[in-house]
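Q: Chain residues, written in single-letter form:
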Amino acid sequence: AQKITQTQPGMFVQEKEAVTLDCTYDTSDPSYGLFWYKQPSSGEMIFLIYQGSYDQQNATEGRYSLNFQKARKSANLVISASQLGDSAMYFCLRGDNYGQNFVFGPGTRLSVLP
Amino acid sequence: NAGVTQTPKFRILKIGQSMTLQCTQDMNHNYMYWYRQDPGMGLKLIYYSVGAGITDKGEVPNGYNVSRSTTEDFPLRLELAAPSQTSVYFCASRPDRSRTDTQYFGPGTRLTVL
Numbered sequence: 016a017q018k019i020t021q022t023q024p025g026m027f028v029q030e031k032e033a034v035t036l037d038c039t040y041d042t043s044d045p046s047y048g049l050f051w052y053k054q055p056s057s058g059e060m061i062f063l064i065y066q067g068s069y070d071q072q073n074a075t076e077g078r079y080s081l082n083f084q085k086a087r088k089s090a091n092l093v094i095s096a097s098q099l100g101d102s103a104m105y106f107c108l109r110g111d112n113y114g115q116n117f118v119f120g121p122g123t124r125l126s127v128l129p
Numbered sequence: 104n105a106g107v108t109q110t111p112k113f114r115i116l117k118i119g120q121s122m123t124l125q126c127t128q129d130m131n132h133n134y135m136y137w138y139r140q141d142p143g144m145g146l147k148l149i150y151y152s153v154g155a156g157i158t159d160k161g162e163v164p165n166g167y168n169v170s171r172s173t174t175e176d177f178p179l180r181l182e183l184a185a186p187s188q189t190s191v192y193f194c195a196s197r198p199d200r201s202r203t204d205t206q207y208f209g210p211g212t213r214l215t216v217l
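Here the protein sequences line up with chains A and B, keeping their order. Taking my numbering, I'd label the letters of the first sequence as residues 16 to 129. Taking my numbering, I'd label the letters of the second sequence as residues 104 to 217.
It should be emphasised that the hints constitute simulated quantities derived from the structure, not laboratory data. Mixed in with the good hints there might be a few duds.
As a list, the in silico SDA-like pairs of lysine to any residue whose alpha-carbon atoms are at most 20 Å apart [said to hold, decoys possible]: (1) Lys147(B) x Glu162(B); (2) Lys160(B) x Gln17(A); (3) Lys147(B) x Phe62(A).
A partial selection of chain A residues facing chain B, derived with a Cβ cut-off under 8 Å [to be verified]: (4) Glu59; (5) Phe62; (6) Tyr65; (7) Gln115; (8) Asn116.
Some chain B residues judged to face chain A by a derived CB distance under 10 Å, without partners named [stated by the list, open to error]: (9) Tyr136; (10) Gln140; (11) Lys147; (12) Val153; (13) Gly156; (14) Asp159; (15) Phe193; (16) Asp199; (17) Asp204; (18) Thr205; (19) Gln206; (20) Phe208; (21) Pro210; (22) Arg213.
Model, not experiment: these values are computed from the prediction. No residue lacks a Cβ here, since even glycine has one placed at the ideal position from N, Cα and C.
Chain A on its own, in the form it takes in the complex (with noise of 0.2 Å):
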């Protein structure tokens, strides 16, 4: 099974700092979507951001940005000006070239202190 890779369990940050949180991947597909998501302890599924394999430029949005590096297979989540809020886990996930399959990665708990 083509498998996303995050290293980081739990990341500790301090408020309005900036975190960046890990995601490697494999995929035999030459197109493909990157995306993720944050799961804050009520549970929900909050979309923040997607990166596409042929995009040039890394996404952006609001406080979040993607830095994509193709050839590494790695999708890192920059978080920037952290907030209490942010506290909650973010899963890297990745879609095959027709948006069909969807495959997350373990997630990785972040913390943000006062």
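On the provided structure of chain A, position chain B as indicated by the hints.
A: Same frame as chain A, now just chain B:
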């Protein structure tokens, strides 16, 4: 729009019982998905559907069945429940305009098999 709704929110089953988890979306999305999330883990794809009458297996389909008779509904059937099926089950849908479309998740069903 209600988005993606799931019923029930919670359920306790005895080993060997069967049940159907309901999922309905009112966004006219063609793609629908069932995931399970074990404690402290990422989501794993059970089944997905690209339209009414079309379903396919994901990563962990054993012990489950699905059907898709309408665009709106995508029920997940558990036959002969086992303790290993204790999990939180998420249904999701997405439009199929492009690979970039994100998934919309339901609130989840927490299932315990004793």
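Q: Does each hint hold? Answer for all of them.
A: Hint check:
no. : hint                  : result
1   : Lys147(B) x Glu162(B) : 7 Å, holds
2   : Lys160(B) x Gln17(A)  : 15 Å, holds
3   : Lys147(B) x Phe62(A)  : 17 Å, holds
4   : Glu59                 : 6 Å, holds
5   : Phe62                 : 4 Å, holds
6   : Tyr65                 : 6 Å, holds
7   : Gln115                : 6 Å, holds
8   : Asn116                : 7 Å, holds
9   : Tyr136                : 7 Å, holds
10  : Gln140                : 9 Å, holds
11  : Lys147                : 7 Å, holds
12  : Val153                : 6 Å, holds
13  : Gly156                : 15 Å, violated
14  : Asp159                : 8 Å, holds
15  : Phe193                : 7 Å, holds
16  : Asp199                : 7 Å, holds
17  : Asp204                : 7 Å, holds
18  : Thr205                : 4 Å, holds
19  : Gln206                : 7 Å, holds
20  : Phe208                : 4 Å, holds
21  : Pro210                : 6 Å, holds
22  : Arg213                : 9 Å, holds
Going down the numbered hints, you'll see the structure goes against just number 13.
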